[in-house]
Every structure is written in C-alpha cells, then in structure tokens.
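Work the whole structure out from these sequences, hints included.
Going line by line, the protein sequences match chains A and B.
Quick note, the first sequence lines up with residues 1284 to 1394 if you use my numbering.
Quick note, the second sequence lines up with residues 21 to 137 if you use my numbering.
Treat the hints loosely; a few may be bogus.
Unchecked claim - Quick list of simulated restraints, FRET-style, between CB atoms:
#1 A:Asp1341 to B:Thr40: 35 to 43 Å
#2 A:Asn1336 to B:Gly23: 46 to 54 Å
#3 A:Lys1350 to B:Thr40: 35 to 43 Å
#4 A:Ser1352 to B:Pro81: 28 to 36 Å
#5 B:Gln37 to A:Arg1311: 40 to 48 Å
What the hints assert, rightly or not - No farther apart than 25 Å at their CA atoms in a straight line, the calculated lysine to aspartate or glutamate pairs in the DMTMM-like style are these:
#6 A:Lys1386 to B:Glu103
#7 A:Lys1386 to B:Asp76
#8 A:Lys1325 to B:Glu64
#9 A:Lys1386 to B:Asp77
#10 A:Lys1381 to B:Asp83
#11 B:Lys98 to A:Asp1338
#12 A:Lys1325 to A:Asp1361
#13 A:Lys1381 to A:Glu1298
#14 A:Lys1386 to B:Glu82
#15 A:Lys1381 to B:Glu34
#16 A:Lys1386 to B:Glu64
#17 A:Lys1325 to A:Asp1338
#18 A:Lys1325 to B:Asp83
#19 B:Lys44 to A:Glu1328
#20 B:Lys88 to B:Glu31
#21 A:Lys1381 to B:Asp76
#22 A:Lys1381 to A:Asp1338
Think of the hints as simulated: they come from the structure by calculation, not from any bench.
Since we're looking at a predicted model, the values are computed, not measured.
Built from N, CA and C at the ideal position, the CB exists for glycine as well.
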Amino acid sequence: QKEVEQNSGPLSVPEGAIASLNCTYSDRVSQSFFWYRQYSGKSPELIMSIYSNGDKEDGRFTAQLNKASQYVSLLIRDSQPSDSATYLCAVNGRGGDKIIFGKGTRLHILP
Amino acid sequence: DAGVIQSPRHEVTEMGQEVTLRCKPISGHDYLFWYRQTMMRGLELLIYFNNNVPIDDSGMPEDRFSAKMPNASFSTLKIQPSEPRDSAVYFCASSFRVGGQGAYGQYFGPGTRLTVT
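What follows is the structure, given as structure tokens:
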C-alpha cells in the first residue's frame, strides 16, 4: 500500500468553481499534513498545513482533515487560471521527521 | 531571507563524470532534505540532516550517491560516477520542527536539473 495516495488527474475545473483535491494516507500515527503547489518547471511551494481534525481556512484555500478515515483534502474556492498547477499532499511519516509526498494531482482551471 | 539557494540550476554531464550539487538552507532551519523528482517516481526523499548530522539516508539509491553537511549553512550531494538514469531534478529543502503535532512544512530551493548523457 502506498503511503500517500492522490489521483494523478488531470482535474479540470471551470474558472470560478470550487476545485476539490483529495489525498489518503496509510500511517495512522501521522500528525502533520501539508499541501504544496508546484507550477511546471518550478519547485514545490507550501500553501497549507493542518494538524487537527476539521477545517482550516486561508483565503480561498480550505484544508480538511479526517484522521479516522485517514483522509485530507484541499478545496480551492473561486478557482482562477493561476491555480493551474500540480498539488502535492504531504504527510509526516512514522518516526516524526520524514515528510512523505504523494505524486500529486494536476489541476487545470478552464477559463 | 533569500530562501533556500541551490547551485547549479542546470547541469549537463557525460556518463561517468562526477557531479556535485550544492545547497544553502534558510538561516535558522536545522533540518535539511535532499529530494529527487522524476515524472515516473515523483518526489523521492534521498537523505535528510538534523543539526548537520545525517539522520536517514535510506533513500539514497546506491553507493554512487553521497551527501555531506559540513556546517549549518551548506550541504552537498555528490554523484560519482554519474549515469543517465540519474537524470532528474534535485531539490534541497529546509525546515525546523518537522516532527509531531504542529510541525512546520519544508521550504524548497529552485532545484538543479541534471542531465547525464
């Protein structure tokens, strides 16, 4: 079983709509969860972190965590063409120091 | 802060040559990570350091790869001899307090695109 799983996409969403990106993880003891955005040819950029069950909002972004279901998601409201990128889910692995990355979901916002 | 600095940004070399990638982490960060990214395998952790000490090198693909961190502001990743399958983008990232509840995320450098012909 892969440690962090994401649908590779591409996920196509009309401009102005809500984009929903999902991630599941296998290690029940994971405590910290992150979303990164990576534009083509660029490095990953940290956009959200979440540690407790529930929702965390930052501007147009909302991260959702459900530890019982081992599920974390990212919602992007009012999607813009500039949101088109690959979104990487990352989870701190067993032992605490390692961050395990999913392979990412490609998001395409349709103008 | 200038962020994580990596050099060179691009490296083209011939098979069998030695390659050295360099990284300067963000000042004050005590964790440093080396990653490799390819289309097929995604982002792979190669090795990470805490307070200049290598903690986990289980991701280093083979003995041809080595990494050092002689001080808090500098790290190198060396490949000797290089092979075409080493072609990838290599990222350095730094952070502090990466484990447990409330861990901080990692901040990535711009990467080094390595091509081995």
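### Task
Just pull the numbers of the violated hints for me, sorted ascending.
2, 11, 13, 15, 17, 18
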